[in-house]
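Asker: Residue-level listing of the chains:
There are 2 protein chains.
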Amino acid sequence: MNVGVLLAAGKGERMGSPVPKQFLEIGGKMLFEYPLKAFLESDAIDAVLVVTLKGWLGTVKEKVRSPKVVDVVEGGKTRSESVRRALEYLEKMRPEYVVLHDAARPFLRKETLERVLSEAKRTGAATAALKSVDTMVWKTESSLRYVPRDGMYRIQTPQAFSFELLKRAHAEGGDWNDDTEPVQALGVEVTLVEGDPFCFKVTYEEDLLLVEMLAKEWR
Amino acid sequence: MNVGVLLAAGKGERMGSPVPKQFLEIGGKMLFEYPLKAFLESDAIDAVLVVTLKGWLGTVKEKVRSPKVVDVVEGGKTRSESVRRALEYLEKMRPEYVVLHDAARPFLRKETLERVLSEAKRTGAATAALKSVDTMVWKTESSLRYVPRDGMYRIQTPQAFSFELLKRAHAEGGDWNDDTEPVQALGVEVTLVEGDPFCFKVTYEEDLLLVEMLAKEWR
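If you're matching them up, the sequences are chains A and B in order. For the first sequence, counting from 1, position 44 maps to 44 in my numbering; every step adds exactly one. For the second sequence, counting from 1, position 44 maps to 44 in my numbering; every step adds exactly one.
Don't take every hint at face value.
Which copy is meant is left open, because identical chains are indistinguishable; a pair holds if it fits in one copy or across any two.
Here are the simulated lysine-lysine pairs, DSS-like style, with alpha carbons at most 27 Å apart [unchecked claim]: (1) Lys110 to Lys201; (2) Lys37 to Lys54; (3) Lys63 to Lys167; (4) Lys29 to Lys167; (5) Lys29 to Lys92; (6) Lys216 to Lys121; (7) Lys68 to Lys131; (8) Lys139 to Lys92; (9) Lys54 to Lys139; (10) Lys92 to Lys216; (11) Lys77 to Lys11; (12) Lys216 to Lys110; (13) Lys68 to Lys201; (14) Lys216 to Lys29.
If you're looking for bench data, these hints aren't it; they were derived computationally from the structure.
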């Protein structure tokens, strides 16, 4: 059994909006509903668990009416805590693989999540990632430090792992921006799978116009 | 006098298309025509120089019929060589400021280029940049090295410089992915200006669907 976990428990404090970004309504749908649709439509995903903010549990449950969604549960204070809550919940289901996706990346394609899952089945751990094409700098107080671009990747979600591996990675607690980092800390190699330029993370208010335009064209 | 330089001399070898990406026709226009429009419409820009590939000089000249475009010239083998050809051409015009933009970033807004130019007028050197929101990794043969995200920026174009400063930065030759790097090597601080998520670089074939969708909505 493969379970999709939709992480929709972020507060989105960089957005400057009172409504967390995953609940912004754009193109007639809340943003979290876009990637949810990809999970629901994929035959590779047997069940979906949604992790969200306490105050939004009711709203999300109302929007999510597919029997494929096994539950909507409350997340933790950090992304990693939310992942651990999902893992605890899934304990009784004992899935073979879990596919995690951030609801702040609305334009998820079914093909991308299936590509990542299928690679994780081969190697145990995989993530969508894109080669970095921009010049990257670290800004210090007085200067810019240029970071070599070769071999640099931007990690996206979806990320897929064997359930047992992800549990081990989270056994000691800790906080990370994604789940490949604690998995790799176990000495496990994480495979990078071709990501998708559509699957960008909505972070700032400036991103919303882009989301609006794409929502119009997104089937 | 402020001159806009549109760099359209790249071969786009990562695209896998026989036609360099700036000449792909999407939404009834070649990609280089999108940012050109922003240059033409901005009152802050007095003249525009287009640098392009030898084999495409005729096509570009045909498309570019505005008297604001002073010329279409042949670029060099590398991005930096193309910039130096532009600087040589501009010598006789002696502009105060130049605004450089990569034609591979089609969705340039007039407001962005004006923001960058206006900051360069204050400090001498400015570039559009976006905070990095994805987890970044360097991929080595056997592992991923996680790069701290705090303080990390993705450098975009437009980039604006005082003409004299940019000339000094290029006086000794050299090749860079952008023009802030040789400017900073002179000990000059480069200001980062809020970039634009629309202003991404078209690099891979996978980016084209995104371009097609946006072109439909782009005014």
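Asker: All the hints need checking, so say for each whether the structure fits it.
Answerer: Quick rundown of the hints versus the structure:
For the homomeric pair Lys110 and Lys201, the shortest alpha-carbon distances inside one copy (17 Å) and between copies (24 Å) are both at most 27 Å. When the C-alpha separation of Lys37 and Lys54 is checked against a cutoff of 27 Å, the pair qualifies only within one copy, where the shortest distance is 22 Å, while the shortest distance between copies is 47 Å. In this homomeric assembly, Lys63 and Lys167 never come within 27 Å of each other (Cα to Cα): the closest approach is 29 Å inside a single copy and 59 Å across copies. When the C-alpha separation of Lys29 and Lys167 is checked against a cutoff of 27 Å, the pair qualifies neither within a copy, at 33 Å, nor between copies, at 51 Å.
When the C-alpha separation of Lys29 and Lys92 is checked against a cutoff of 27 Å, the pair qualifies neither within a copy, at 32 Å, nor between copies, at 56 Å. Taking the shortest alpha-carbon separations for Lys216 and Lys121, neither the intra-copy value of 34 Å nor the inter-copy value of 38 Å comes in at or below 27 Å. In this homomeric assembly, Lys68 and Lys131 never come within 27 Å of each other (Cα to Cα): the closest approach is 34 Å inside a single copy and 37 Å across copies. In the homo-oligomer, the alpha carbons of Lys139 and Lys92 never lie at most 27 Å apart, since the shortest distance is 46 Å inside one protomer and 36 Å across protomers.
Proximity of Lys54 to Lys139 under the C-alpha cut-off of 27 Å is found in neither arrangement, the shortest distances being 37 Å within a copy and 37 Å between copies. Proximity of Lys92 and Lys216 under a CA criterion of 27 Å is satisfied in neither setting, with 40 Å inside one chain copy and 47 Å between copies. Taking the shortest alpha-carbon separations for Lys77 and Lys11, only the intra-copy value of 9 Å comes in at or below 27 Å, while the best inter-copy value is 48 Å. In this homomeric assembly, Lys216 and Lys110 come within 27 Å of each other (Cα to Cα) both inside a single copy, at 18 Å, and across copies, at 23 Å.
With identical chains, the CA atoms of Lys68 and Lys201 are at most 27 Å apart within one copy only, with a shortest distance of 25 Å there and 38 Å across copies. Taking identical chains as interchangeable, the C-alpha atoms of Lys216 and Lys29 lie at most 27 Å apart whether they share a chain (11 Å) or sit on different chains (21 Å).
Violated hints for the displayed structure, listed by number in ascending order: 3, 4, 5, 6, 7, 8, 9, 10.
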